[in-house]
Amino acid sequence: AQSVTQLGSHVSVSEGALVLLRCNYSSSVPPYLFWYVQYPNQGLQLLLKYTTGATLVKGINGFEAEFKKSETSFHLTKPSAHMSDAAEYFCAVIPYSGAGSYQLTFGKGTKLSVIP
Amino acid sequence: DVKVTQSSRYLVKRTGEKVFLECVQDMDHENMFWYRQDPGLGLRLIYFSYDVKMKEKGDIPEGYSVSREKKERFSLILESASTNQTSMYLCASSKQGRNEKLFFGSGTQLSVL
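Going line by line, the protein sequences match chains D and A. To convert, note that position 75 of the first sequence is 76 in my numbering; the numbers rise steadily by one, no gaps. To convert, note that position 111 of the second sequence is 164 in my numbering; the numbers rise steadily by one, no gaps.
This is chain D alone, in the form it adopts within the complex (with noise of 0.2 Å):
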């Protein structure tokens, strides 16, 4: 079973501050992890995702996420906020083995708004 925890159901910060936006999971078996976001009156697109590999992943947009095993965790951050920015983000995740189903599980989303 897994299961995805977003820290913070509404995050705002300045134009060009730092974005930080949290992820912890739980998985019985390592996992492929996801960041998408959805701009008001759109569908989900992919920011990035970790599958192996270097634990740090550049996404679009000057997004990036670091998997760091120890914590769970699969933190998303921008070091400079654009007003083009606000969105709502959504953390996911599917285990990368075992029997089962393609069913990824999503956090409840965080909604990011800048502030002038």
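These aren't lab readings, by the way, just hints derived from the structure by calculation. Here a beta-carbon is modelled for each residue, glycine too, at the ideal position from N, C-alpha and C. Be careful, since some hints might not be right.
[As the list claims (entries may be wrong)] Non-contacting residues of chain D with respect to chain A, defined by C-beta distances greater than 10 Å in every case (computed):
hint, residue
1, S15
2, A18
3, L19
4, S28
5, L57
6, K59
7, G63
8, T73
9, S85
10, A87
11, V115
[Said to hold, decoys possible] So these bits of chain D aren't anywhere near chain A, every CB distance computed over 12 Å:
hint, residue
12, S13
13, V20
14, E67
15, S81
16, E89
[Said to hold, decoys possible] Cross-link-like lysine-lysine pairs, in silico, BS3-like; alpha carbons within 25 Å at most:
hint, chain 1, residue 1, chain 2, residue 2
17, D, K50, A, K148
18, D, K59, A, K148
19, A, K124, A, K71
20, A, K124, A, K108
21, D, K112, D, K59
22, D, K70, A, K154
23, D, K59, A, K154
24, A, K56, A, K123
25, A, K154, D, K112
26, D, K69, A, K154
27, D, K109, A, K154
28, D, K70, D, K50
Assemble chain A onto chain D, guided by the hints.
Just chain A, lined up with the frame of chain D:
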């Protein structure tokens, strides 16, 4: 540009009606998914399909059924709509493989009155 198209952006139905939500993808993907999205609850998987005529239940299949007669099309059916099925419905598709990214449609906001 790759696309997942959902037939309606907004839909209003009456309690007890049979409702069809249609989703078409043009990427020749094997996997297709139906999620519902509710504020504060994130995305919850209703059903998914990994091949034509194949389906698996997700976390919340009760009150829903699905149909996949052709590879590109995945339909979600509400046999008898109820007010608690008022929600945003998102369709997605992906290639085979657990680490493949999902491509999402823009969603259908369904209101059941």
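Status of each hint after checking the structure:
no.	hint	in the structure
1	S15	25 Å, holds
2	A18	25 Å, holds
3	L19	24 Å, holds
4	S28	12 Å, holds
5	L57	17 Å, holds
6	K59	15 Å, holds
7	G63	19 Å, holds
8	T73	18 Å, holds
9	S85	18 Å, holds
10	A87	17 Å, holds
11	V115	20 Å, holds
12	S13	18 Å, holds
13	V20	19 Å, holds
14	E67	18 Å, holds
15	S81	25 Å, holds
16	E89	9 Å, violated
17	K50/D x K148/A	15 Å, holds
18	K59/D x K148/A	22 Å, holds
19	K124/A x K71/A	23 Å, holds
20	K124/A x K108/A	12 Å, holds
21	K112/D x K59/D	21 Å, holds
22	K70/D x K154/A	22 Å, holds
23	K59/D x K154/A	15 Å, holds
24	K56/A x K123/A	16 Å, holds
25	K154/A x K112/D	21 Å, holds
26	K69/D x K154/A	21 Å, holds
27	K109/D x K154/A	19 Å, holds
28	K70/D x K50/D	15 Å, holds
Violated hint for the displayed structure: number 16, the only one.
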